[in-house]
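Position chain V with the ligand relative to chain X; hints supplied.
If you read the sequences in order, they're chains X and V. To convert a position in the first sequence, counted from 1, into my numbering, add 18. To convert a position in the second sequence, counted from 1, into my numbering, add 6.
Be aware that one or more of the hints could be misleading.
[Stated by the list, open to error] Okay, derived cross-link-like pairs now, SDA-like style, lysine to any residue, Cα gap no bigger than 20 Å in a straight line:
1. X:Lys-120 with V:Arg-382
2. X:Lys-120 with V:Pro-269
3. X:Lys-474 with X:Thr-449
[Claimed, not checked] Below, a sample of chain V positions facing chain X; criterion: calculated Cβ distance under 7 Å:
4. Phe-130
5. Ser-330
6. Met-345
7. Ile-406
It is worth saying that the hints were derived from the structure and are not from the lab. This one's a predicted model, so the numbers in the text were calculated from it and none came from an experiment. Just so it is clear, CB atoms sit at the ideal spot from N, CA and C, and this is done for glycine as well.
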Amino acid sequence: MSSDTDVKIGLEIHVQLTSLKTKLFCSCSSDYRDKPPNTNVCPVCLGLPGSLPVVNQKAIEKALRVAIALNMKIAEKISWARKHYFYPDLPKNYQITQYEGKGVTSIAKEGYLEYHVNGNVKRARIRRINLEEDPGKIVYHTGSMLTSKYSLIDYNRSGIALLEIVTEPDFSSPREVLAFLHELRTLLEYLDIADFKLEGSMRVDVNISLAGGSRVEVKNVGSLSDIEAAIVYEVTRQRSLAEKGVKVEMETRHWDQERKVTVGTRTKESEEDYRYFPDPNLPPVYISPNMLEDLSKTMPELPQTVRKKLVQVYGVSEYLSSVLVSEKKLAEYFEEVMKRTNIDGDRAASIIVNDLVGWVGEERMNQIDKIVPASELAELLELLKSGTITIKIVKEAIPELVSGKRTRELLASKGWIGKVSGHELAEIVDTVLKENANAVTDALNNPKAIQHLVGKVMEATNKRADPKEAFELISKKLEEFKAKVRLQEDR
Amino acid sequence: MKSRVLNFVEDLRRGAADQYKYVEKALEEAAKKDPKFNIFITLKGEIPENLALSGKLAGVPIAIKDNIVTKDLRTTCASRILENFVPKYSATVVKILEKEGAVIIGKTNMDEFAMGALGTTSAFGPTLNPLDVKLSPGGSSSGSAAAVSSGIVDLALGSDTGGSVRLPAAWTGVFGLKPTYGAVSRFGLISYADSMDQIGPMASTASDLAYLYSIISSFDPLDPTSSGNPWGDKIERIAREEPDYDILRSIKLKVPKELVEHPQADDSIVKEFSRALSKLESEGAEISEISEPSLLKVPQVYYIIAFSEASSNLARFDGVRYGSRVIMPEEVDWDTYYMENRALFGWEVKRRIMLGAFILSKGYYEMYYSMALKARGMIKSKVEQMLSGGGIILTPGSPIPPLPIDYDATDLSRLNAVDAPLMLANLTGLPAITIPVGKRGSIPISIQLIGSLWSEDILLSIAKVTEEIFG
Ligand SMILES: [Zn+2]
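Isolated chain X (complex conformation) (with noise of 0.2 Å):
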């Protein structure tokens, strides 16, 4: 789907602050995953009767850290609100968040990030940015509600701080939403916010509207490609209900991740009251000049930053330089080896991104330093560099450290080291055409073949042998042979 000006897309995301070491009012651990269903849990994140919150004061942090990167207004003071509704997995019946009225605010607002699409510069504009706590967990025995006879609830989730990002409208397409997600996920993974790699780490409403209708919110979608599949969805039903002269009115609907449609609700959201009111329990807290003042000072490298140093110090091309930053793991490791090797930066950034990466899998790739050490690589890269080895062996190489070799021993052992050359290449190539005489005589006829006698010479060097440079002394042989019977046939 391309951009389609009549189309309006907002986003509310939900991003749980995975870095921080405990919940947001309580001092239970904050990585829940893959423990047995309530037991990572306290009277304060189960709401027991006289339990108290306390605010973890790194959300706060964290989350003014985002703030000064999205460009936006912070508050004076951060107060809380409460936001009542009745929900199994919701353990007092009320979510502590924050809101924009009633004597409350949110963090931060008025803010926007840049992200490319096309290779154009787009803007959105950040409305607000606030923290809440994520509820506890329903799970149905059968994995579906629908069949069921009972639900049972984990509250091993309940109280994990999220925060909440709300943009304006200012998306058009899938495709905008996107490459701005993504944008701000490097973002985020920058600040260390997050890491996404955990399920359920991210969870975003989309509201999408088209001219003339009103505003339908899908109501938590869990991945990019199920935001993009829901978005899609959603537009084709509205345009084809306004195509039949229906109006579409406000609602609320749920992605069906397991029959990619969106589903709606009958709940109305107008009909919503949650009954807002700042949390007695909870004073507010002040921000003072100060304290932001050395948050600015002590803000990590941000993408853009990092993106525009591959480029410009390390002479790496714009795309292996978003590649790279797009990871941030990937560019700290990137850094690393080039601290290492005097290689020029594009020529690793494309070993890198091209070789390394595939040997090492996405899943893998927060362990890329320990997996193959920036040491290893760059050796071998200087090796490369100082024509002791070819661009053949590194290739060959590099799955072999990622399986856990070191450089030196595997190069040893193979017998890869030494790079074989000019004269000494020149006779290996003689001993080669000699003992290949039909080889020969298809090369002759047919200018492919040569790849074969190729072949043959990186056997009988090793793979010491420069592909390139053989090829170019085959075909100078070659040549001499051709020119030799031609002067055989002259006489």
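Coordinates of chain V with the ligand only, in the frame set by chain X:
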């Protein structure tokens, strides 16, 4: 008056007392008096083994209001909805008491979720006044007051959101303190209205009151509104030392006439109150009458804020995680499930939840809640002016005698006179103390003092002197 608690602890320390004796006596008394007055919801039957020999309250029995959670000891808030709730953790105050060797002998009866002034909204039946069983002991900490008044224990904990420690103290003739907001940890106190709730000590003597208070007032990192104890060991010294008569000459007692000349106030009680004032004056206290008509608005402001917070705080009682289930969730949809289970609340609690939910709903919030917050701010600054320069507000502990136990609680008119002087301290966060000053027949007479923030040292000193003067 000599403190039994301090004497016992001192004797025990010197090896001159048996650590089981005090608790044994309390349990014996409880076994006799509980059936008569319905003081406890849960009473421990046996003396725990291995009682501590050291600690500031080693071997001292204490009664705890049943809205303060106690690990492995049922905590009901006097409600059917928590009838079977056995907490898995203890309130911070309970931990402090146990660490100091105190022995909790039981959980006391109260108005359901601390909502009520007569002790009659309890799902476990009303507590009767030990001074006269035809009378209410006052609420909501009715059981704790009765446990002290009847002589079962010398110490008890109540909670005070709108006078719930002080009214029953006044009606049963014991001492009660509502601390400065933030002085005693609320962690483990089941919330009624968070911005006003405070746990408060109740005791048979001023020294015991001060002593218990010196132990439970401390900073708690688990309570986001906790401030802790700015007095060091001063409060404990007040408990131990002789009364200091000079304190009366260093303060200015101010009697707001609107709170005394209330149309519902009882003439004979007001007369007794005046007699007490004369006596204090003759001992050197400076007493003046002031007028502040806005104080009569205190109950309206209080109820709007308290009901709103209550409607939110009590939302969690739904039968999903704990408490009783009327209906099983498999049988019905969630909305029905909630409604059926929440029907377990009593009439008064339902009334307050519904009014609170109404106040917070769209269109009414600005009309009521925002206005109440504004009024609260105004009242606070008015009262601060009154208290500046060593001022202390002085009112009757209760301007009416204890109401009959069968009083129709839906008739709020007679309680109006009681509400304003008590709720004033909760709205403003100020400390307040109720001090018995004698009896007229079986009707106890008392005064209430409201001091500036963190003036408990002064209030408790005055209580010690007053106790001697009227003793
Ligand atoms: Zn927890």
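For each hint, the structure was consulted:
A hinted pair counts as satisfied when its Cα atoms are at most 20 Å apart, and Lys-120 (chain X) with Arg-382 (chain V) qualifies at roughly 16 Å. A threshold of 20 Å between alpha carbons decides the hint, and for Lys-120 (chain X) with Pro-269 (chain V) the separation of about 37 Å lies outside it, so the pair is violated. With a CA separation close to 10 Å, the supplied pair Lys-474 (chain X) and Thr-449 (chain X) stays within the 20 Å bound. The restraint placing Phe-130 (chain V) at the interface with chain X is violated, with a minimum CB-CB distance near 17 Å, outside the 7 Å limit.
Below 7 Å, beta-carbon pairs count as interface contacts, and Ser-330 (chain V) has none with chain X, the closest being about 14 Å; its hint is therefore violated. With its C-beta approaching chain X no nearer than about 9 Å, Met-345 (chain V) sits outside the 7 Å limit, and its interface hint is violated. The restraint placing Ile-406 (chain V) at the interface with chain X is violated, with a minimum CB-CB distance near 30 Å, outside the 7 Å limit.
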